[in-house]
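A.B. asks: Between the sequences and the hints, there should be enough to build the whole structure, so can you do that?
Quick mapping for you: the protein sequence lines, in order, are chains H and W. Residue numbers for the first sequence follow the numbering used here, so the first one is 11 and each next one is one higher. Residue numbers for the second sequence follow the numbering used here, so the first one is 20 and each next one is one higher.
Hints listed in this document are in silico derivations from the structure and should not be mistaken for laboratory results. No residue lacks a Cβ here, since even glycine has one placed at the ideal position from N, Cα and C. There may be inaccurate statements among the hints.
[As the list claims (entries may be wrong)] With a straight-line Cα cutoff of 25 Å, these simulated DMTMM-like cross-link-like pairs (lysine to aspartate or glutamate) come out:
1. W/Lys32 with W/Glu101
2. W/Lys76 with W/Glu94
3. H/Lys64 with H/Asp91
4. H/Lys117 with H/Asp37
5. W/Lys76 with H/Asp37
6. W/Lys76 with H/Glu113
[Unchecked claim] A few chain W positions that, by computed beta-carbon distances, are all more than 12 Å from chain H:
7. Gln37
8. Thr39
9. Ser46
10. Gly47
11. Glu71
12. Gly81
13. Phe88
14. Ser89
15. Thr99
16. Ala111
17. Glu125
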Amino acid sequence: GIQVEQSPPDLILQEGANSTLRCNFSDSVNNLQWFHQNPWGQLINLFYIPSGTKQNGRLSATTVATERYSLLYISSSQTTDSGVYFCAVEPGGGKLIFGQGTELSVKP
Amino acid sequence: KAGVTQTPRYLIKTRGQQVTLSCSPISGHRSVSWYQQTPGQGLQFLFEYFSETQRNKGNFPGRFSGRQFSNSRSEMNVSTLELGDSALYLCASSQQGSGNTIYFGEGSWLTVV
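C.D. replies: Structure, rendered in structure tokens:
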């Protein structure tokens with residue numbers, strides 16, 4: 011089946027720093043989403059981005075479908091950005107396959 | 020517009036018991052899917068329902084089952100609970116399933132003792 015790999019697994023930043031999270035996937039997909047899991051467990055949808063580039067405030071994402079990777083950029087990080095970021099792909103059939111996540115810690 | 024609602028949020032069960040979790044999707048969404056999250060296995064797909072039909076199923080034993088009602092609300096059931104079933108169970112909804120943005124509920128934390 012399709013494989014999803016996220017890097018880095020852990021990231022520690024000072025408040026105000028920028029970061030780039032990467033997601034590689036092994037096959038073509040119908041859907042790619044980035045999520046932020048909050049401390050209470052909920053997965054917050056950040057981007058639906060099967061291809062192209064999107065921006066939402068300090069966050070932006072780019073997916074290059076032909077090269078099978080996606081990048082999530084976080085600029086001017088804040089402590090509230092801490093948590094686990096997941097990339098998930100849907101090869102078809104409404105089933106999301108998740109990466110193992112990147113655990114981000116932003117220090118004040 | 021209300022989000023995906025899951026109940027109960029927290030529950031503790033004893034080995035051998037069964038449990039039923041409920042999920043109300045976003046209004047107008049017809050696809051509901053379920054995921055299990057554990058520290059060891061990460062987030063894993065359980066099953067997906069669309070218009071009361073199971074369209075896709077993950078690699079879980081038959082003790083895990085689900086259903087969807089005509090109003091798109093869904094339930095999942097786990098019978099003969101094992102300690103390893105302790106997990107966060109997440110429900111998600113989307114308009115059509117494939118190729119749509121998928122939105123998640125807050126999850127149900129299940130502890131089996």
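A.B. asks: All hints are to be evaluated individually against the structure, with a verdict given for each.
C.D. replies: Taking the hints in turn, this is what the structure says about them:
1. W/Lys32 with W/Glu101: 10 Å, holds
2. W/Lys76 with W/Glu94: 15 Å, holds
3. H/Lys64 with H/Asp91: 18 Å, holds
4. H/Lys117 with H/Asp37: 36 Å, violated
5. W/Lys76 with H/Asp37: 20 Å, holds
6. W/Lys76 with H/Glu113: The given pair, whose Cα atoms are some 28 Å apart, is violated under the 25 Å limit.
7. Gln37: 22 Å, holds
8. Thr39: 19 Å, holds
9. Ser46: Answer for W/Ser46: holds, closest chain H Cβ roughly 17 Å.
10. Gly47: 16 Å, holds
11. Glu71: 14 Å, holds
12. Gly81: 18 Å, holds
13. Phe88: Check passes; 18 Å lies beyond 12 Å.
14. Ser89: 19 Å, holds
15. Thr99: Since the minimum Cβ distance to chain H is about 25 Å, W/Thr99 lies beyond 12 Å and the statement holds.
16. Ala111: Given a closest Cβ separation of 8 Å, the condition is violated.
17. Glu125: The claim is violated: W/Glu125 sits with its nearest Cβ about 4 Å from chain H, within 12 Å.
This entry does not satisfy hints 4, 6, 16, 17, going by the numbered hints stated previously.
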